[in-house]
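Asks: The chain contents come next:
Protein chains: 4
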Amino acid sequence: MLTSPSDPTVFQRRESEARSYCRGFDAVFSQAAGSELIDADGNRYIDFLAGCSSLNYGHNDPDMKQALIDHIAGDGIAHGLDLHTEVKARFLTAFETHILKPRNMDHRVMFTGPTGANAVEAAMKLARKVTGRTNIVAFTNGFHGVTQGALSATGNGYHRGGAGIVLAGVTRLPFEGYMGSDIDTALMLEKMLGDPSSGVEPPAAIMFETIQGEGGLNAASAEWVRRVARIAKDHGALLIIDDVQAGCGRAGSFFSFEDFGVMPDIVTMAKSISGFGLPMALMLVRPEHDKFGPAEHNGTFRGNTHAFVTARIAIEKFWADDSFQEQLKQKERIILSGLAAISEMVPGARLKGRGLMRGVDVGSGDLAAAICRRAYDNGLVIETSGPNDEVVKILAPLTTPDTVLRKGLNILMDAVRDTVTDMKFAAE
Amino acid sequence: MLTSPSDPTVFQRRESEARSYCRGFDAVFSQAAGSELIDADGNRYIDFLAGCSSLNYGHNDPDMKQALIDHIAGDGIAHGLDLHTEVKARFLTAFETHILKPRNMDHRVMFTGPTGANAVEAAMKLARKVTGRTNIVAFTNGFHGVTQGALSATGNGYHRGGAGIVLAGVTRLPFEGYMGSDIDTALMLEKMLGDPSSGVEPPAAIMFETIQGEGGLNAASAEWVRRVARIAKDHGALLIIDDVQAGCGRAGSFFSFEDFGVMPDIVTMAKSISGFGLPMALMLVRPEHDKFGPAEHNGTFRGNTHAFVTARIAIEKFWADDSFQEQLKQKERIILSGLAAISEMVPGARLKGRGLMRGVDVGSGDLAAAICRRAYDNGLVIETSGPNDEVVKILAPLTTPDTVLRKGLNILMDAVRDTVTDMKFAAE
Amino acid sequence: MLTSPSDPTVFQRRESEARSYCRGFDAVFSQAAGSELIDADGNRYIDFLAGCSSLNYGHNDPDMKQALIDHIAGDGIAHGLDLHTEVKARFLTAFETHILKPRNMDHRVMFTGPTGANAVEAAMKLARKVTGRTNIVAFTNGFHGVTQGALSATGNGYHRGGAGIVLAGVTRLPFEGYMGSDIDTALMLEKMLGDPSSGVEPPAAIMFETIQGEGGLNAASAEWVRRVARIAKDHGALLIIDDVQAGCGRAGSFFSFEDFGVMPDIVTMAKSISGFGLPMALMLVRPEHDKFGPAEHNGTFRGNTHAFVTARIAIEKFWADDSFQEQLKQKERIILSGLAAISEMVPGARLKGRGLMRGVDVGSGDLAAAICRRAYDNGLVIETSGPNDEVVKILAPLTTPDTVLRKGLNILMDAVRDTVTDMKFAAE
Amino acid sequence: MLTSPSDPTVFQRRESEARSYCRGFDAVFSQAAGSELIDADGNRYIDFLAGCSSLNYGHNDPDMKQALIDHIAGDGIAHGLDLHTEVKARFLTAFETHILKPRNMDHRVMFTGPTGANAVEAAMKLARKVTGRTNIVAFTNGFHGVTQGALSATGNGYHRGGAGIVLAGVTRLPFEGYMGSDIDTALMLEKMLGDPSSGVEPPAAIMFETIQGEGGLNAASAEWVRRVARIAKDHGALLIIDDVQAGCGRAGSFFSFEDFGVMPDIVTMAKSISGFGLPMALMLVRPEHDKFGPAEHNGTFRGNTHAFVTARIAIEKFWADDSFQEQLKQKERIILSGLAAISEMVPGARLKGRGLMRGVDVGSGDLAAAICRRAYDNGLVIETSGPNDEVVKILAPLTTPDTVLRKGLNILMDAVRDTVTDMKFAAE
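Order-wise, the sequence lines are chains A, B, C and D.
When the letters of the first sequence are read in order and numbered with this note's numbering, they come out as residues 664 to 1091.
When the letters of the second sequence are read in order and numbered with this note's numbering, they come out as residues 664 to 1091.
When the letters of the third sequence are read in order and numbered with this note's numbering, they come out as residues 664 to 1091.
When the letters of the fourth sequence are read in order and numbered with this note's numbering, they come out as residues 664 to 1091.
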């Protein structure tokens, strides 16, 4: 049989200009394991991007890998629409047993199309259907995806500019801390919802990320989240927590909100839920709001059978007891310590984030880009986020061995130091 | 390690009410190969649904399966965002060599989120961006997905009813044949676009499926498609052909439109593009319209590395020469012959569709459902489509051996005969 | 006290570029009576424009004039918000006695802001509120105003282009005869509303003018109107007839639809309802749909007290018995005869309209404009309408004496003859 | 000729439920002069509502009255579309000479449909056209009208609830003081517009009333207005000041903003601009933004010829020199003194407003309603405003003689005292 060559000139010739990460990280990658990426020339990179938090358990986890190979080799179903399959039953059982029940969550699982955006679209539609309202409150610097419904809730102007149509049905309010620490944005939300003449319609839902991944690692406090949850309840709105990026352990616990004393009506999940980086997304919804009719929100790839195999392993392996979560604390300390050192090198730098979703605001997008470029030259894949891309963001696999974590942080520290030094020279 | 059991009661307990196909086909499936599905009790079913045309090459094609296992076993990248990867380069090269070049298509490939809806969202956004216009012309009975943008273009009222917000930016016009064969709907389109007072804004795009998969297998003629393409050009609108369901050989050729003498500005693909049923979608766009900025339309799962492996094999195996396409003609004859026999059993029945996307309109959704239910009882998975679910639709894998195809058609014929007979008895 | 001069240079200096009629009819007008306009230099013009049908009873009708002077002189209320006033009671009583009761109409009267657009906005909002639906079916070449809601229903692309925002919530379908006489557009409406997959949501209302004043004097037949009324009823939609231009006798009877055997749920009126050209508009609504809460749709100038005075006189004087309506038939004959003569002068010309809302489609906007310009030079004010301004439109006051009507028609005939002759010379 | 009787039962029988003011003030009014209303039984009322500020110069001002009678008696044009007329030229000249020029305003005048809402619709459309942007920033508790475009900018939930369609294209931000005096809402506006990821699109315009008439008499400070004007300029947005209610002297000067050191790009005016309570509205726009094409925003009643007559007199009589404006200061003192007395009677009461647009927030809508009801029983027409109708609002004609003003205030003071006393008794 034919084997088409791997010709790197084809990207330039045939891939759309919309391609993006490959511009900053321009190697042609071929293999990956754990926290390492390997390119076609055999160069190795420590991965502090982890598929934007889609690879929380690292690349090609050996247990998931074996289970997936066994499944494929045994002619296990590869595509099953939303039919009942053995592997889906196993995943749901594991998810019920190890995730939902221990957290007293009675939520149902809806498999949407396998992207975070699709889960968000489903959540917004469902909240509107359940409440009979249209308005959804979202926040400054929130990111929820770029399909039209999700994009309405996304704050990023570059992405919104691509909509080509007026984005409606969302009221934008300031996230916690947006106006500085002395201005209480939850109070503002409460005031506007309580005022019949504020111009803010009673919302179907209030939706946010507890840690804004793309928006610059702004982390909401437990108290703010609790107050917003209470305000939502008081005003008949559903609480939607978009845990696409911050979920699956990234915040230090399975759900980013589980220590906050709130019970969201809807949770959206994607990215690391498959465990292996495979496309999969789901929406959790409390039974009383599980009101879509059969296939009312549908899609060919709702549910991904291969992903059910690996997702089940991920849950059984990492979340059946507390050991993994305990390890995360140690890794968080290592990251914090590295970031603290970095922040001392950059005047005015601020630490951002929570759990293992951390970064440092270096004050400018140019500086952050220069740092990441230099780190990449030295074998570390790391990206920026924030309104002006001014936050260097660490999204290392949660399974990264401490030594690798330290090694990556060292590369980053060197990159920061050298970049800052260069800039000083350039300025003189 | 733990292994969660496959407990079928979990579906009722934990899966959302939105689940759908599993209601009609209530087995718990575990394996599949070629054109057969096998359930947990070992029962075998001929599959005339094929993941709604996502499994055009059948389940677990051995060559794709082996390549995928090899890739996984060798720690090939599982998730690569939109980084350059060897497997993506190979896929693009194969796609260029065997699909685009032979058809004189200079299109670029944009990997969107791995669902047809996402490709459609990207296409609509891009057409709006390129033209600076908002309006998109779509047609009666069209189906393009259920995220907000795509849903605006979808005709189905049940799905539209789930939007929870006014669906804007789309003008709906009658598809070919909608008002009967003597009313020229292309002329109507032309008249409305040419009339500055028609209330139809100059469109960014005219978008349609050449064969409406969910809308009842309405097949547009080459002449109508050519005329609409010409009208689009005359009015500065992009031509978008949504080949998500009709593409990848389903219509008898790789693209559903390739014998029609048109060159769409944008083509959306998903479903069978991965070859293996894995989530993958892409948008083809002519270079002059490839105007998204980097990541302007983005998403974590744009591009699916595992799918690149199988998609490349699918192209190399089935589309490198004409042999597969030749075989399709024979299979089309077999299907047509079976459907002709069926249509004689049902008074007023009408044949629908084109290529290997065929069906019979039996006049009522109740009758169609009864037929499919009986066929399922006899080991055939087959579904309906159409505004009132009145069309029994055959979407058998294109690789189905002739004997299996005939066997499936025989089950279907028996189901029709018996159902019609029962109904006559019941009526007497 | 000061008296500011009438300085015509002020228009150029201080009036917005949006000014329009004054560009074609560039005199400075000062007085008017009956069917005549008089400019500041004492030139007299026959008025076949009549304030776009706002002056159906001519300028400064002596009875209305006297009543209005008496009202003002006696310190009658000039502005009364929506308070009860004696003059409003008198108007309502006259309207009930001479208009509603004889036509078996149980409608309530809602005084909206004093423009047709405002009445249309109120009608659209009310239909949406009553039905809980959003979609409103409007037709090609319809004109309903240019505020955002009304503009959504207006077909004219020039006006729609000024919206600056996507116009949503309206489905556009072809008016009677739009696709030629052999294509039944009511059937198309019925088919699309009856098809759950057509993409046309169940409408809150179907709204149209029985004679499209701005759209080119397209007159719907009684049968088409009846069928559309029936379709609306069958599909739970309100029937809104926009009688802003065709009402108040313009079609030969008080309402344009009163001989058609339909009972609209909502009727919008403006233009000639005040009788005197004063701003006034109202919406008629059947009691079961009179569902706005107090002031839910409001506005400072809802109801115009001066207009109540003249509107009452108009009704008492012209509509208390049949004599006026009888006279209209004779005038209609005169107009028709003139237009028939004109149409013979222009190859391919077509008569348009109904009642005393008539015109001739001369095939091009340039020709129509040239005719009107020449007529104006000879003392006749007359305008065009239609998608390309290709229809010369007669909207003479209904009270125009036969001699004046004939005199105006003669000017028009001469203008047509001379323009056509000039064009022939120019072409040779 | 017939004369229809003034039968008050007709209101119940035939006027829509949307009627409103007549519910609270249930007399049938017949005459009015100066600051007095007279009902059909000869009862006299002091008018502190003044047509919601449409009668700033009182009822039936004798000079305007005589000029209007003369105009009508002399067959002056009553309705002139947007033709040039002598009376329009006179009005424009007066407006230019006495209003625009002395204030160094180079604005053009666009006559829109004769309602404030229509002027606002035109302003929003124009700002969008000029900038090519869609978003308009409006504020909490703002009121701009109830047609669809204007309603999008209006804050009142009761009115928004009547829309029946999602209201899009407006970002809502807190007005000055909304979150208390220590939170700087202009800073918030600046921060959100300056943040590319805030989710607030670059606006076409920032629009507000300097004193929110319906929203509770919230008065913006000169500093806040200047800062917002600067922010608008910095971000390429037009500054629209909606002076429909606060203009024409109500704030103590002709324009409410004229002492603030800002030059709005667009100003909307209606209500008292005619001087006599006749429907009239206009939009002022700086020449560089006067970009509507001819009739692009149109309407039959744009310009009201009778209103031009009275509007000119109003300007010549009251604004040709400073004497009227000087008198307003004395009246403001009288009102303030009365309100100060009132606020001492109601625990927690707060004075609201600016200029002669003043009121007192009595803390609850029930109390405010009871006060107004009692005042009405004693011959004073006065209304409430505010999100919960908790502000008793004085909108007396600006021409009210001091004695009448004091008399009205005394009735109001008695009403407050008695109502508070009654409430205390009831509570005990």
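Among the hints, erroneous ones may be present.
The list treats identical chains as one, so a pair stands whether inside a single copy or across any two.
What the hints assert, rightly or not - Subject to a maximum C-alpha distance of 16 Å in a straight line, what follows is the list of computed EDC-like cross-link-like pairs (lysine to aspartate or glutamate):
1) K992 to E680
2) K764 to D702
3) K954 to D769
4) K792 to E680
5) K1087 to D984
6) K854 to E959
7) K994 to D922
8) K980 to D1065
9) K954 to E680
10) K792 to E959
11) K854 to D738
12) K1070 to E995
13) K1070 to D704
14) K764 to D1040
15) K980 to E759
No wet-lab data here; the hints were simulated from the structure.
Asks: If a hint holds in the structure, say so; if it doesn't, say that too.
Replies: Each hint tested on the structure:
no.: 1; hint: K992 to E680; in the structure: neither (40 Å within a copy, 38 Å between copies)
no.: 2; hint: K764 to D702; in the structure: neither (42 Å within a copy, 29 Å between copies)
no.: 3; hint: K954 to D769; in the structure: within (15 Å within a copy, 42 Å between copies)
no.: 4; hint: K792 to E680; in the structure: between (37 Å within a copy, 14 Å between copies)
no.: 5; hint: K1087 to D984; in the structure: neither (49 Å within a copy, 61 Å between copies)
no.: 6; hint: K854 to E959; in the structure: neither (35 Å within a copy, 24 Å between copies)
no.: 7; hint: K994 to D922; in the structure: neither (19 Å within a copy, 59 Å between copies)
no.: 8; hint: K980 to D1065; in the structure: neither (19 Å within a copy, 45 Å between copies)
no.: 9; hint: K954 to E680; in the structure: between (40 Å within a copy, 7 Å between copies)
no.: 10; hint: K792 to E959; in the structure: within (11 Å within a copy, 25 Å between copies)
no.: 11; hint: K854 to D738; in the structure: neither (58 Å within a copy, 47 Å between copies)
no.: 12; hint: K1070 to E995; in the structure: within (15 Å within a copy, 60 Å between copies)
no.: 13; hint: K1070 to D704; in the structure: neither (22 Å within a copy, 51 Å between copies)
no.: 14; hint: K764 to D1040; in the structure: neither (46 Å within a copy, 37 Å between copies)
no.: 15; hint: K980 to E759; in the structure: within (15 Å within a copy, 41 Å between copies)
Hint compliance for this structure: hints 1, 2, 5, 6, 7, 8, 11, 13, 14 are not met, and every other hint is.
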